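Asker: Line order of the protein sequences matches chains D and W.
Residue numbers for the first sequence follow the numbering used here, so the first one is 557 and each next one is one higher.
Residue numbers for the second sequence follow the numbering used here, so the first one is 557 and each next one is one higher.
Hints may contain errors.
Since copy identity is lost for identical chains, a pair holds within one copy or between any two.
Here are the computed lysine-lysine pairs in the DSS-like style, where the Cα-Cα straight-line distance is at most 30 angstroms [said to hold, decoys possible]:
(1) Lys829 - Lys842
(2) Lys828 - Lys723
(3) Lys563 - Lys700
(4) Lys723 - Lys563
Read the hints as simulated data drawn from the structure, not as lab findings.
Owing to the predicted nature of the structure, the values given are computational and were not obtained by experimental measurement.
There are 2 protein chains.
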Amino acid sequence: MYVAKCKQGESFSEGKIIPYGDISISPCSGILKYGQGLFEGLKAHRTEDGRITLFRPDQNALRMQTGADRLCMIPPSVEQFVEAVKQTVPPPGEGALYIRPLLIGSGAVLGMASAPEYTFLIYVSPVGNYHKASSGLNLKVDHKYRRAHTGGAGGVKSCTNYSPVLKSLLEAKSLGFSDVLFLDAATGRNIEELCTCNIFIVKGNIVSTPPTLGTILPGITRKSISELARDFGYEVQERDVSVEELLEAEEVFCTGTAMVVKAVETVTFHDKKIKYMTGEGAMSTKLHLMLTNIQMGVVEDTKGWIVEMDGLLK
Amino acid sequence: MYVAKCKQGESFSEGKIIPYGDISISPCSGILKYGQGLFEGLKAHRTEDGRITLFRPDQNALRMQTGADRLCMIPPSVEQFVEAVKQTVPPPGEGALYIRPLLIGSGAVLGMASAPEYTFLIYVSPVGNYHKASSGLNLKVDHKYRRAHTGGAGGVKSCTNYSPVLKSLLEAKSLGFSDVLFLDAATGRNIEELCTCNIFIVKGNIVSTPPTLGTILPGITRKSISELARDFGYEVQERDVSVEELLEAEEVFCTGTAMVVKAVETVTFHDKKIKYMTGEGAMSTKLHLMLTNIQMGVVEDTKGWIVEMDGLLK
Ligand SMILES: Cc1ncc(COP(=O)(O)O)c(C=O)c1O
Ligand SMILES: Cc1ncc(COP(=O)(O)O)c(C=O)c1O
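For reference, chain D alone in the conformation it holds in the complex (with noise of 0.2 angstroms):
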């Protein structure tokens, strides 16, 4: 793993590549008592030919920047994030590779503060090949749990938007949901994203995400697929969506890093349970099929969104 640290009012050291294990950190530290931590989550890539890319890591980068400020944190500079990142990942296997860049305050602090020291670490994990299209999703809309309000820190990749959601997410498995979509709270009558990914519906050929105005997370490939998305031709709408246009949707799917696209199959409302196109036919097995095919080098990038590895590691 990669590690580098940073004083209040310095810039990051180079990092050190050292192996990967537990890290040490001052019980008073601000991750610890005040929940200063972002975290981040981008795949490498070995393409069809054999040779390994990252996947828009200048956005993964400008992110935990825009997190960092939100937080009062200091963030690595957009080279550093992404020359650590291919550091970090080893040569080429089968499959993919999760990078996980983490920013923690690591200084001890005593009051309400921001903390005297960063840490920036990053560690890889192996996942298994999204390639092959998966079973849908089924949702259930949370009416107790609310994610994140305007004015709190719901719009970046911070750890305190994901433990106080966790007791819906279990209780929503152990219902045998897949996983739960959350509502706006101020209203509780718009939809805003799942625990870990963006959602989208589709009708007739207007395909809708809610805004991104600081409630929900800018995903990397919600932005990418409603690129594609205009690409093949359909209306791409960023608005409000209530639930009733939800349930009256033709199609909905989820987008994140880890399962690239993935359709919704059932969204249970109460006691109403929705049920929506997926497989061959649908918009998101084309879009799955056409984002994968460009991180697998199958289809050419022409937006520039894949970072080779320098030769290096080829």
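Use these hints to put chain W with the ligands onto chain D, whose structure you have.
Answerer: What follows is chain W with the ligands alone, placed relative to chain D:
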């Protein structure tokens, strides 16, 4: 410091006292990735006649249990919590001692899940003597950031409630304010609390404080002060308190373990700045004195709030 561990499905091991220092934790732990962390804060006092006492430690233990349930963590039992606190309090010195219990998801998680291992840890630090009244707070009502929403985790002492409001606090401090007063996320019309303490307003014989319905931390000082205010003959109302009422109050004060009771000198709302009664004649001064007198053993504890340190360290 005191450290005990617990695996999913088991209960906490007997803790060990070890020298204060960094702890070792997985980069993939529940706390670092998903913000699975709770903390507590309580004080040990050296009474006038030399005994060492704790103030309502069972309440902190119970609050940690509520928080653990909310964040799907395993908490220590009330007995183990109180016993552990007693073990960490060193021989008597001057002033008070601040005791910091911490419960974190220390086990590694891959997908979003409850951590497979929890660490319960307590460390202490000396704090000044708050027995004497200190100068009042100058608060800024925040219009941009919100602390918590219904259906979130704002009602528990989770690390996830602090980093999202740090920016608000630092902005206010840079403008010369002492702290920030947050409004409710739903309407923005009612007051909630500060970054780390609860708020009360006084008008005539009525003392009002926002209700703890999941967006406000149920402060132990808040609860104790409500009871003492009733003893003094005030009517205490737990209910929504609007900004208008705040601006028309005669006196405003805050409560928390660290400062006990602290008068608010001014509140700034947009370009309005209101001054409140502070000093000798203020209710906050009376309540501060009463509670610290109970804590210091000057006044008899008729409420069973004081827990003695088993003679051990007398
Ligand atoms: C809350 C949340 N929403 C959406 C996403 C999807 O974002 P991305 O497409 O960048 O992986 C993630 C995962 O990163 C997430 O944690
Ligand atoms: C958000 C918040 N509100 C209120 C309080 C006051 O609670 P207590 O009186 O139990 O210290 C604290 C501090 O513990 C806090 O962090």
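Asker: Please work out whether the CA atoms of Lys828 and Lys723 approach to 30 angstroms or closer within one copy, between two copies, in both situations, or in neither?
Answerer: within (22 angstroms within a copy, 42 angstroms between copies)
Asker: Since the copies are identical, ignore which copy is meant and state whether Lys829 and Lys842 lie within 30 angstroms (CA to CA) inside a copy, between copies, both or neither.
Answerer: Classified as within; 25 angstroms inside a copy, 59 angstroms across copies.
Asker: First find the shortest C-alpha distance between Lys723 and Lys563 inside one copy, then the shortest across copies, and answer within, between, both or neither for a cut-off of 30 angstroms.
Answerer: Answer is between; shortest inter-copy Cα gap is 18 angstroms, intra-copy 35 angstroms.
Asker: Given a CA cutoff of 30 angstroms, do Lys563 and Lys700 count as a within-copy pair, a between-copy pair, both, or neither?
Answerer: Between copies, since 29 angstroms is at most 30 angstroms while 41 angstroms is not.
Of the numbered hints listed earlier, not one is contradicted by the structure.
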